[in-house]
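Student: What follows is each chain in one-letter form.
Number of protein chains: 2
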Amino acid sequence: MNRVLFNAQDFVTSDRVRLCDYRADHIRRILRAAPGDCLKVGLINDRCGSGEVLEINQSSVTLRVTLDQAPPPKRPVTLLLALPRPKMARRIVHAATELGVKKIILLNSYRVEKSFWQSPLVDDTHLFSAMVEGLAQCGDTILPTLQRARLFKPFVEDELPTLLSQRTGLVAHPYASSAFTKPSGETVLAIGPEGGFIPYEVEKLLEAGMQGFTLGPRILKVETAVPAILGQFC
Amino acid sequence: MNRVLFNAQDFVTSDRVRLCDYRADHIRRILRAAPGDCLKVGLINDRCGSGEVLEINQSSVTLRVTLDQAPPPKRPVTLLLALPRPKMARRIVHAATELGVKKIILLNSYRVEKSFWQSPLVDDTHLFSAMVEGLAQCGDTILPTLQRARLFKPFVEDELPTLLSQRTGLVAHPYASSAFTKPSGETVLAIGPEGGFIPYEVEKLLEAGMQGFTLGPRILKVETAVPAILGQFC
Chain A
0 MNRVLFNAQD
10 FVTSDRVRLC
20 DYRADHIRRI
30 LRAAPGDCLK
40 VGLINDRCGS
50 GEVLEINQSS
60 VTLRVTLDQA
70 PPPKRPVTLL
80 LALPRPKMAR
90 RIVHAATELG
100 VKKIILLNSY
110 RVEKSFWQSP
120 LVDDTHLFSA
130 MVEGLAQCGD
140 TILPTLQRAR
150 LFKPFVEDEL
160 PTLLSQRTGL
170 VAHPYASSAF
180 TKPSGETVLA
190 IGPEGGFIPY
200 EVEKLLEAGM
210 QGFTLGPRIL
220 KVETAVPAIL
230 GQFC
Chain B
0 MNRVLFNAQD
10 FVTSDRVRLC
20 DYRADHIRRI
30 LRAAPGDCLK
40 VGLINDRCGS
50 GEVLEINQSS
60 VTLRVTLDQA
70 PPPKRPVTLL
80 LALPRPKMAR
90 RIVHAATELG
100 VKKIILLNSY
110 RVEKSFWQSP
120 LVDDTHLFSA
130 MVEGLAQCGD
140 TILPTLQRAR
150 LFKPFVEDEL
160 PTLLSQRTGL
170 VAHPYASSAF
180 TKPSGETVLA
190 IGPEGGFIPY
200 EVEKLLEAGM
210 QGFTLGPRIL
220 KVETAVPAIL
230 GQFC
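Chains A and B are the protein sequences, given in the same order. Take the first sequence: its letter number 53 is residue 52 in numbering that gives the first Met the number 0, and every next letter is one higher. Take the second sequence: its letter number 68 is residue 67 in numbering that gives the first Met the number 0, and every next letter is one higher.
A hint or two may mislead.
Claimed, not checked - Partial pick of chain B residues on the chain A-facing surface, computed with a CB cut under 7 Å:
id	residue
1	P216
2	I218
3	K220
4	P226
To be verified - Each pair of labels, with its calculated beta carbon distance range:
id	chain 1	residue 1	chain 2	residue 2	range
5	B	Q165	A	E193	36 to 42 Å
6	B	P153	A	S59	44 to 50 Å
7	B	R46	A	C233	32 to 38 Å
8	A	Q8	B	Y109	34 to 40 Å
9	A	H25	B	L120	21 to 27 Å
10	A	T124	B	P153	48 to 54 Å
11	A	A178	B	R63	54 to 60 Å
12	B	G184	A	A7	50 to 56 Å
13	B	N44	A	G215	17 to 23 Å
14	B	Y174	A	A7	30 to 36 Å
15	A	G208	B	P72	31 to 37 Å
16	A	Q210	B	Q68	46 to 52 Å
These are calculated hints, taken from the structure and not from any lab test. All values derive from a computational prediction rather than experimental measurement. C-beta atoms are modelled at their ideal positions from N, C-alpha and C, and glycine is treated no differently.
Produce the complete structure using the sequences and hints provided.
Tutor: Below is the structure:
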């Protein structure tokens, strides 16, 4: 936790925040903060700043906060991600948040098992908690927006072309002939499930205006491919 | 498992391999292979090729193998990695192997807890199994070499300069002023522990001939930073 994050409801006065949960525990036990210490803080979906520790006790930590800094800039990327196996979804969403994607769209695909969509591990509560952890790790405050596209064809035919009207669309698949080159502006980056998008899906994504690219002869796990590609959008 | 890997001792004749363990299980249950099918195979630390399924039964799978292909080229990178928390080490070594690093040197650092070195999760057995899984995922056969540098100062003073005599050395730390730019040749890439190398360590690495670089204002977890940086060595 490189930045302590809070919500509007954590304020007890206009500039004081009281934390009573895992964040208070982290400040006490990991940061070993004492009254007078200054911590990096941030208001979720708002500004960053610093928080002076006013009081620490067994049940809470009170900070006087000054929110005077902009969060770090986002990478200009919308991640269009075939819904991963639920136990991997948290890790991938965490990494994508750390790396600063603006938006994550979870997409259905032939190789996404139907049961994945029902898993509590991919509900809003779990994925938002992964995002908040990712923000606290990297020092950001702005949550990526999260969308679910549970029907592949209607999304790709009706919504994706609009999304691509002002963005470059790239789809990673091992048999494309072009290597990855970083586009200059906003990008929609599509990453398939383990085993990849099926040929019909790749065709539909290309028809919608995306371009295929390959990462080379190595077939990467989704959780490796996501940071390996996002890292190139510095 | 995108390539079924085996060792010299799995051969029953000069071109036949018999598998009886998790690989046979994978071929039966996940690949659902039948006699006559052709699988991607490879001999560890040797060539890649194809394997025709000759026989499948409950206890084993027999393949006739032809090893006629070179493995994919490695990335020109030696990863000098502060020993990660043991439960993360496997995942990071797996990802680095998938991404094709040539060598991994596990390095001590002030912020590496002493107990990490004693964990069975970072012994050769565990890390080689992570590497073999990584190879099977990405379709490679050549294991990265693995070295342990349990004493920071002697390694950095006595061994690192030799390593750097024919390689560019880069150390990731958040407060460096230069952004990452991919060197043209062989590279030693140093990545610190969670919390980073301490200033004394950064200084010693720079004295040994490494150059600092920053990944920007975001502080990444080690398991995110490793693929995010390695991805740029395409």
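Student: Given the hint of 30 to 36 Å, check if Y174/B and A7/A actually sit that far apart at their C-beta atoms.
Tutor: holds (32 Å)
Student: Holds or violated: is there a CB of chain A closer than 7 Å to the CB of P216/B?
Tutor: Where the cut-off is 7 Å and the nearest Cβ of chain A is about 4 Å from P216/B, the hint holds.
Student: Is 34 to 40 Å respected by the C-beta to C-beta distance linking Q8/A and Y109/B?
Tutor: holds (39 Å)
Student: Taking 21 to 27 Å as the stated bounds, is the beta-carbon spacing between H25/A and L120/B within them?
Tutor: holds (25 Å)
Student: Given the hint of 50 to 56 Å, is the C-beta distance from G184/B to A7/A inside that range or not?
Tutor: Since G184/B and A7/A have Cβ atoms about 52 Å apart, the given range 50 to 56 Å holds.
Student: Could one say that the CB atoms of R46/B and C233/A fall in the range 32 to 38 Å?
Tutor: Roughly 37 Å apart at Cβ, these two residues keep to the hinted range, so it holds.
Student: Could you tell me whether the CB distance from T124/A to P153/B stays inside 48 to 54 Å?
Tutor: With Cβ atoms ~49 Å apart, the hint holds.
Student: The hint says 36 to 42 Å between Q165/B and E193/A; measuring C-beta to C-beta, is that right?
Tutor: holds (38 Å)
Student: Against chain A, is K220/B within 7 Å by beta-carbon distance?
Tutor: The hint holds - K220/B has a Cβ within 7 Å of chain A, the shortest such distance being about 6 Å.
Student: Does the Cβ pair P153/B, S59/A satisfy 44 to 50 Å?
Tutor: holds (47 Å)
Student: Given a hinted range of 17 to 23 Å, is it respected by the beta-carbon distance of N44/B and G215/A?
Tutor: Given about 21 Å between the Cβ atoms, the range holds.
Student: Against chain A, with CB atoms and a cut of 7 Å, does the hint on I218/B hold up?
Tutor: holds (5 Å)
Checked against the numbered hints given earlier, this structure breaks hints 11 and 16; the rest are met.
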